[in-house]
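**Q** Starting from the known structure of chain A, fit chain B onto it as the hints suggest.
Chains A and B are the protein sequences, given in the same order.
If you're matching positions, the first sequence starts at 429 in this note's numbering and goes up one per residue.
If you're matching positions, the second sequence starts at 38 in this note's numbering and goes up one per residue.
If you are wondering where the hints come from, they were derived from the structure by calculation, not from laboratory data.
Do not rely on the hints blindly, as some may be mistaken.
[Stated by the list, open to error] Cross-link-like lysine-lysine pairs, in silico, BS3-like; alpha carbons within 30 angstroms at most:
#, chain 1, residue 1, chain 2, residue 2
1, A, Lys491, B, Lys689
2, B, Lys711, A, Lys491
3, B, Lys712, A, Lys491
4, B, Lys617, A, Lys433
5, B, Lys598, A, Lys443
6, B, Lys673, B, Lys441
7, A, Lys443, B, Lys617
8, B, Lys520, B, Lys506
9, B, Lys520, B, Lys617
10, B, Lys420, B, Lys461
11, B, Lys712, A, Lys443
[To be verified] Stretch by stretch, here's where chain B covers chain A in the computed footprint (C-beta under 8 angstroms, at least three residues):
#, segment
12, 449 to 457
13, 474 to 480
[Unchecked claim] FRET-style restraints, in silico, Cβ to Cβ:
#, chain 1, residue 1, chain 2, residue 2, range
14, A, Glu457, B, Asp715, 27 to 33 angstroms
15, B, Lys689, A, Gly488, 21 to 27 angstroms
16, B, Asp715, A, Gly488, 29 to 35 angstroms
17, A, Ser519, B, Asn459, 55 to 61 angstroms
18, A, Glu457, B, Leu686, 24 to 30 angstroms
19, B, Asp684, A, Glu457, 25 to 31 angstroms
20, B, Asp715, A, Cys496, 39 to 45 angstroms
Since the structure is predicted, the reported quantities are computational estimates derived from the model, not experimental observations.
The C-beta atom is built at its ideal place from N, Cα and C for all residues, glycine as well.
So you can see what is in the structure, the chains are spelled out below.
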Amino acid sequence: MQIEKKIEDGILTLKISGRLDTNTSPQLEAEIPQTDLSGIVFDLSGTEYMSSAGLRVLLGAQKRMIACGGSMRILSPNATVREVFDITGCSSIFTIE
Amino acid sequence: MKRRIAIFAAALGIYAAILTAVWEIGTRQAREKTEWQLDYGVIDFHDTVAGAIDTMLGHVARIAVRHIDHVQPMTMKRMSEGAKALDIDEVNIVNRNGEIIASNDPLCLGTVMAGDPVMDAFMALTNGTVATVSQPFRTSARNPGFRAKYLGAAFPGGDGFVQVGLDERRLAKMLPAVLGYIFDEWLFGKTGFYLCADVKTGRLISNPSRHRNEAATLEETGYDRSEASQYEIVLNGKEYGETFTQTLFGEKCYCRAFLYGEHVFVAALPEREYYDSRNEFAVVFGASLFVVIFGFAFFADRLFGYSQRLKRFYAAEEARLAKDFSIAKTIQSAALPAGECDSPYFMISAAMAPAREVGGDFYDHFPVDDTHEAFLVADVSGKGITAALYMMNAKTLIKEILQKCRDPAEAFTRANAELCANNKANMFLTAWVGVLDMETGVMTYVNAGHNPPLLVRAGADKPEFMREKSGCMLSFMDGVKYKSYSLQLASGDIVFLYTDGVTEAQDVQERFFGEDRLAAAVAEAPRTARAMCDAVRARVAEFADGAPPADDLTVLALEFKAAAEYSVCSFAPEQASIAKASAFVEEKLAEGECPQRVKTAIGIILDEILSNIVRHSKASGFEVDVEFTVSPRGVKVVFIDDGEPYDPLSHKDPDTTLSAADRPIGGLGILMVKKMADEVSYRRTRNRNFLTVFKNFGAPDGAAAQGDGK
Numbered sequence: 429m430q431i432e433k434k435i436e437d438g439i440l441t442l443k444i445s446g447r448l449d450t451n452t453s454p455q456l457e458a459e460i461p462q463t464d465l466s467g468i469v470f471d472l473s474g475t476e477y478m479s480s481a482g483l484r485v486l487l488g489a490q491k492r493m494i495a496c497g498g499s500m501r502i503l504s505p506n507a508t509v510r511e512v513f514d515i516t517g518c519s520s521i522f523t524i525e
Numbered sequence: 038m039k040r041r042i043a044i045f046a047a048a049l050g051i052y053a054a055i056l057t058a059v060w061e062i063g064t065r066q067a068r069e070k071t072e073w074q075l076d077y078g079v080i081d082f083h084d085t086v087a088g089a090i091d092t093m094l095g096h097v098a099r100i101a102v103r104h105i106d107h108v109q110p111m112t113m114k115r116m117s118e119g120a121k122a123l124d125i126d127e128v129n130i131v132n133r134n135g136e137i138i139a140s141n142d143p144l145c146l147g148t149v150m151a152g153d154p155v156m157d158a159f160m161a162l163t164n165g166t167v168a169t170v171s172q173p174f175r176t177s178a179r180n181p182g183f184r185a186k187y188l189g190a191a192f193p194g195g196d197g198f199v200q201v202g203l204d205e206r207r208l209a210k211m212l213p214a215v216l217g218y219i220f221d222e223w224l225f226g227k228t229g230f231y232l233c234a235d236v237k238t239g240r241l242i243s244n245p246s247r248h249r250n251e252a253a254t255l256e257e258t259g260y261d262r263s264e265a266s267q268y269e270i271v272l273n274g275k276e277y278g279e280t281f282t283q284t285l286f287g288e289k290c291y292c293r294a295f296l297y298g299e300h301v302f303v304a305a306l307p308e309r310e311y312y313d314s315r316n317e318f319a320v321v322f323g324a325s326l327f328v329v330i331f332g333f334a335f336f337a338d339r340l341f342g343y344s345q346r347l348k349r350f351y352a353a354e355e356a357r358l359a360k361d362f363s364i365a366k367t368i369q370s371a372a373l374p375a376g377e378c379d380s381p382y383f384m385i386s387a388a389m390a391p392a393r394e395v396g397g398d399f400y401d402h403f404p405v406d407d408t409h410e411a412f413l414v415a416d417v418s419g420k421g422i423t424a425a426l427y428m429m430n431a432k433t434l435i436k437e438i439l440q441k442c443r444d445p446a447e448a449f450t451r452a453n454a455e456l457c458a459n460n461k462a463n464m465f466l467t468a469w470v471g472v473l474d475m476e477t478g479v480m481t482y483v484n485a486g487h488n489p490p491l492l493v494r495a496g497a498d499k500p501e502f503m504r505e506k507s508g509c510m511l512s513f514m515d516g517v518k519y520k521s522y523s524l525q526l527a528s529g530d531i532v533f534l535y536t537d538g539v540t541e542a543q544d545v546q547e548r549f550f551g552e553d554r555l556a557a558a559v560a561e562a563p564r565t566a567r568a569m570c571d572a573v574r575a576r577v578a579e580f581a582d583g584a585p586p587a588d589d590l591t592v593l594a595l596e597f598k599a600a601a602e603y604s605v606c607s608f609a610p611e612q613a614s615i616a617k618a619s620a621f622v623e624e625k626l627a628e629g630e631c632p633q634r635v636k637t638a639i640g641i642i643l644d645e646i647l648s649n650i651v652r653h654s655k656a657s658g659f660e661v662d663v664e665f666t667v668s669p670r671g672v673k674v675v676f677i678d679d680g681e682p683y684d685p686l687s688h689k690d691p692d693t694t695l696s697a698a699d700r701p702i703g704g705l706g707i708l709m710v711k712k713m714a715d716e717v718s719y720r721r722t723r724n725r726n727f728l729t730v731f732k733n734f735g736a737p738d739g740a741a742a743q744g745d746g747k
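Excised from the complex, chain A in its bound form (with noise of 0.2 angstroms):
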């Protein structure tokens, strides 16, 4: 897995290249910043799947915006990711653009 960090305007983009599974996921986790942001985006496009490890730091992401009062969205995954959101009931959670 790679990722891809910038921020503009407060706002924390990821995008995340490869596999989001047990292994990745502290990655990912890793690069979200404890502190405020307005807010957050991952970029899913490059992204192969996600298991449930890497649902939970999205998951865990959205409950830290819901708490600071940013927003986060999430952009392109793929089909199996969706199904993945689809599954888990996380498509009525996030912003899936």
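**A** Same frame as chain A, but now just chain B:
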């Protein structure tokens, strides 16, 4: 039609042959009787006529002897007067020397008889021993124009004799008087009659009374002298003439004729006398024979007809039965599982060849549960439909019970009770069942009176019979409890089951194939289940060499494959192992032409499950198996760990409708596994957790994996 013609032609031939033979015999008998009767008739006729003449002449001569008193010369006048008185043609007085010393014929005087070739016979009268001497008609010695019959009567003391002679020409006048028409009424046999006629004039002297008015002459009777005269002979006491045929009074007669004086005498026997009886017999016999022979032919024909109709009927019945049996065979074959079953853990190959269209043998193999496979062979007593029906019942029952209770001994005990309770036909079966634990290679087995199977160890040269103490046959005795044995199989070991159709197969000399040949065939066979079955069947067929099988023949070989041959990998229970296991599985999936969609799903599933194991199980290690399945096409991944008993499927699914704030972070992994896999199952055995996930390949890669890589 040909058959009918043949039968009746044969009957006609036999009929004609018998009738001809009977006719021939009848004819011969009729001829013999006719000859015999004619012999009798002609002798009787002749002797009566000749006897009458002799008697008459004898009287005349003896009267003359009494009147003349002694030998003395007498005048011709007196002699002539005497002859006239006696109504005789010639009378002579002959002295002791044979000289005629007195006669009514002057020519005769002085004739000396002694030494004369014809007359010397009379000299017997002079020695005092003979009273009369008679001679047949002959020409007179002194007068060639005179034919007469002579008779002499001796004077007392043999002093001399008187000779009297009867002119042949006068016989005609005398005969009616002498014979007194007695022959008119005389018959010989039943219908034989006599005719007597003057040779010269043909006038009849004797004529059967019933034909008197029909003929006055011999010619008028139908007698043809021009033809018959050759048969008319003078009887001499030795021959009685030859039989000839004439048509007399319009009727064919067999005749004999003789001449006496100037007369012809005919004894005639109408043909009907004897030939009629032959004809009558022939008609009656012929008719009876006709009825018998043609009646027989008729029944024979009908019988052949029936037998052919029967033959046709049986042929049709046979064809119908064959069809029924072939349908039954199809049904029975369909009831048996596939002859081959290849699994990662074992390979089964089996075959059943019924002696008839359907048989009482069967084999079966089926999973008892995820890790146990049952396999068995059985032989129902008897063959044919009854055995086949019973076999279907027994097979279903055993399978049902075994799948319920899993333990083969218990299963047989229960199946036996069930079969005994419902055994109206008094049938029974021998069976051998084995249950293989696919993971451990331990085989538990029970024998119910069946032939001992062969165990072929992977490294061993020779197979060994598994001769543990057998239980009783199934359905034989109620309340029997069966005992099981167990055996550890190693990779490559083969268990070979068979029925007595193998060991009791016979060759043309009726020798049995036997266990020794079976053991040899198994030992020589290649060490795979299928090759072993094929080899044994080939050996049996070779041995039988065309002799028809007496019994159904079944073989089943189970080959155990060790788990090591599978894509199993052991991992340490740490985070890093997940990537290694993932790489291992990916590699395997790549080998199996797995669709991308499935690879992705398996990747997620693997990540979820292994992270759980690593984090929570406290296992000392874990394994991952990958198996590809054929039907349905898919992949099975088995996760095995020796951690704490944990059935992830027992968890309640998390509430996915909660808002992000209320959602617990964990618990989604198992949900994802369940949702993404097509089948998930869990079991705990040998202190291990087994989680099996199946993913169906489904539709070809593409449609379902459209979004990949976006």
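**Q** Against this structure, judge whether each hint is valid.
**A** So, going through the hints one by one against the coordinates:
1. Taking the CA atoms of Lys491(A) and Lys689(B), the gap is near 23 angstroms; set against the 30 angstroms cutoff, the hint holds.
2. With a CA separation close to 26 angstroms, the supplied pair Lys711(B) and Lys491(A) stays within the 30 angstroms bound.
3. The suggested pairing of Lys712(B) with Lys491(A) holds, with an alpha-carbon distance near 25 angstroms, which does not exceed 30 angstroms.
4. Simply put, Lys617(B) and Lys433(A) have alpha-carbon atoms about 28 angstroms apart, close enough for the 30 angstroms limit, and the pair holds.
5. Annotation: proposed proximity of Lys598(B) to Lys443(A) is violated, straight-line Cα distance about 49 angstroms (limit 30 angstroms).
6. Distance hint between Lys673(B) and Lys441(B) is fulfilled; the C-alpha atoms sit about 25 angstroms from each other, no more than 30 angstroms.
7. Restraint check for Lys443(A) and Lys617(B): the C-alpha separation of about 25 angstroms stays at or below 30 angstroms, so the hint holds.
8. For the suggested pair Lys520(B) and Lys506(B), the alpha carbons sit about 9 angstroms apart, so the restraint of at most 30 angstroms is met.
9. With a C-alpha separation of about 47 angstroms, the suggested pair Lys520(B) and Lys617(B) falls outside the 30 angstroms cut-off, and the hint is violated.
10. A threshold of 30 angstroms between alpha carbons decides the hint, and for Lys420(B) with Lys461(B) the separation of about 17 angstroms falls inside it, so the pair holds.
11. About 27 angstroms separates the Cα atoms of Lys712(B) and Lys443(A), which keeps this hinted pair within 30 angstroms; it holds.
12. For the segment 449 to 457 of chain A, the stated coverage by chain B is satisfied: 3 residues place a CB nearer than 8 angstroms to a CB of that chain, which reaches the threshold of 3.
13. Only residues whose C-beta sits within less than 8 angstroms of a C-beta in chain B count toward coverage, and the segment 474 to 480 of chain A has 5 of them, enough to reach three; the restraint holds.
14. Against the hinted window of 27 to 33 angstroms, the Cβ-Cβ separation of Glu457(A) and Asp715(B) comes to about 31 angstroms, which satisfies the hint.
15. At about 22 angstroms, the beta-carbon gap between Lys689(B) and Gly488(A) stays in the expected band of 21 to 27 angstroms.
16. Take Asp715(B) and Gly488(A): their Cβ atoms lie about 31 angstroms apart, and the range 29 to 35 angstroms holds.
17. Range check, Ser519(A) to Asn459(B): Cβ separation about 60 angstroms, and the 55 to 61 angstroms hint holds.
18. The beta-carbon spacing between Glu457(A) and Leu686(B), approximately 28 angstroms, falls within the hinted interval of 24 to 30 angstroms.
19. Take Asp684(B) and Glu457(A): their Cβ atoms lie about 29 angstroms apart, and the range 25 to 31 angstroms holds.
20. Distance hint check: the CB atoms of Asp715(B) and Cys496(A) are about 41 angstroms apart, consistent with the given range 39 to 45 angstroms.
The structure does not agree with the numbered hints 5, 9 stated previously, though it agrees with the rest.
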